[in-house]
Amino acid sequence: MISLSTNLFTMWKRIILMIAFIGATLLGSSISYAAYIAPPSTVGEAVVLIDADTKEILFAKNPDKWMHPASTTKMVTLLTALELKGTQLDELATISSYATSMEESNLGVRVGDQITLEAVIEGMMVASGNDAAVVVAENVSGSVEKFGKDMTRIAAKAGAKNSVFLNPHGLTQMGHHSTARDLAMIAAYGMKYQMFRDKVANDYYKVPYQNRAPVTIRTTNHFIRNKYPGANGLKTGFTNAAGECLIASATRNSHTMIVVMLNDDNRWEEAVQFLDYGFKLRGVI
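Everything in the sequence shown is counted per the working numbering, starting at 15 for the first residue and increasing by one.
Certain hints may be false.
In silico DSSO-like links for lysine-lysine, alpha-carbon gap of 27 Å or less [said to hold, decoys possible]:
1. Lys-69 / Lys-171
2. Lys-175 / Lys-163
3. Lys-75 / Lys-160
4. Lys-171 / Lys-220
5. Lys-171 / Lys-79
6. Lys-206 / Lys-160
7. Lys-99 / Lys-160
8. Lys-220 / Lys-241
9. Lys-69 / Lys-163
10. Lys-220 / Lys-206
With beta-carbon atoms standing in for the labels, derived distance ranges [what the hints assert, rightly or not]:
11. Asn-225 / Ile-51: 49 to 59 Å
12. Asp-104 / Lys-294: 35 to 45 Å
13. Ser-110 / Lys-241: 11 to 21 Å
14. Val-298 / Asn-176: 42 to 52 Å
Calculated directly from the structure, the hints in this document are not laboratory data. Ideal Cβ placement from N, Cα and C applies to all residues, glycine included.
Turn these sequences into a full structure, and let the hints steer you where they fit.
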């Protein structure tokens, strides 16, 4: 009788322990599921979301596919100019007829204009001026060809492994290519520097010509214009070959996220979705 009671007690004890184990397992699974945050969907051909502080890739779709970068190229033009000229940007720029012959979009500089190189750079980023990009290239490296080599070298220094830049504006050219991952790495590298951040965040800019009246321009970047919380850059792009492109960045609580979207017809909406996703992953509101 005692033996039978002991066996029953042992059996019930095992059943209770088994139920507790199953319950704990199911509870753990539900907690893990609740903690999982699904990434947004995207129609972009190549997309990368990067934590700019750690350089960790948080989302990637075709990250290393060679793509036409269009005017996102101008981000590299900016970085190259800052790396090579530093703070020596207050000299008057020489403006060539070749620079003024560029197809749109343009800043509107003219041969003989008196304007500092820094002002041209600022105007290039806000207006996405192809003419301004050529002015930068010619004044920093002496020619577009030499500047392209400098761009490729500086991009590699920033972590780009699959990019070749042949021009400073991003108009379609055979052999001029980058990847979503490379552009994300370049952007994260640049955002570490105050001068870079200052040039990629402007909504408006009054171009300070010294020989004629200032001209006020507004950014082509609707991501910045729409005042996403913490938005601080970075660059748009479009050509028929590249499609709609955007590099968008935002900083919250001293934490910076960057998303690169190449050939993405839904870039404005998806930029918000991916940055929200990145901040949620990091627990940043």
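Here is how each hint holds up against the structure:
A hinted pair counts as satisfied when its Cα atoms are at most 27 Å apart, and Lys-69 with Lys-171 qualifies at roughly 14 Å. Our distance criterion of 27 Å between C-alpha atoms is met by Lys-175 and Lys-163, whose separation comes to about 14 Å. The straight-line distance between the Cα atoms of Lys-75 and Lys-160 is roughly 32 Å, outside the 27 Å bound, and the hint therefore fails. In summary, the hint linking Lys-171 to Lys-220 is not supported, as the alpha carbons are separated by about 32 Å, beyond the 27 Å threshold.
In summary, the hint linking Lys-171 to Lys-79 is supported, as the alpha carbons are separated by about 20 Å, within the 27 Å threshold. Only pairs whose Cα atoms come within 27 Å are accepted, and Lys-206 paired with Lys-160 is accepted, the gap being roughly 26 Å. A distance of roughly 15 Å separates the Cα atoms of Lys-99 and Lys-160; the hinted pair therefore holds under the 27 Å criterion. With a C-alpha separation of about 20 Å, the suggested pair Lys-220 and Lys-241 falls inside the 27 Å cut-off, and the hint holds.
At roughly 25 Å between alpha-carbon atoms, Lys-69 and Lys-163 fall within 27 Å of each other, so this suggested pair holds. Proposed proximity of Lys-220 and Lys-206 is supported: the alpha carbons are some 25 Å apart, at most 27 Å. A hinted range of 49 to 59 Å for the beta carbons of Asn-225 and Ile-51 is consistent with their spacing of about 54 Å. Judged by the Cβ atoms, the range 35 to 45 Å given for Asp-104 and Lys-294 holds: they are separated by roughly 43 Å.
A hinted range of 11 to 21 Å is violated for the C-beta pair Ser-110 and Lys-241, which are about 37 Å apart. In this structure, Val-298 and Asn-176 break the distance hint of 42 to 52 Å, their C-beta atoms being roughly 30 Å apart.
This entry does not satisfy hints 3, 4, 13 and 14, going by the numbered hints stated previously.
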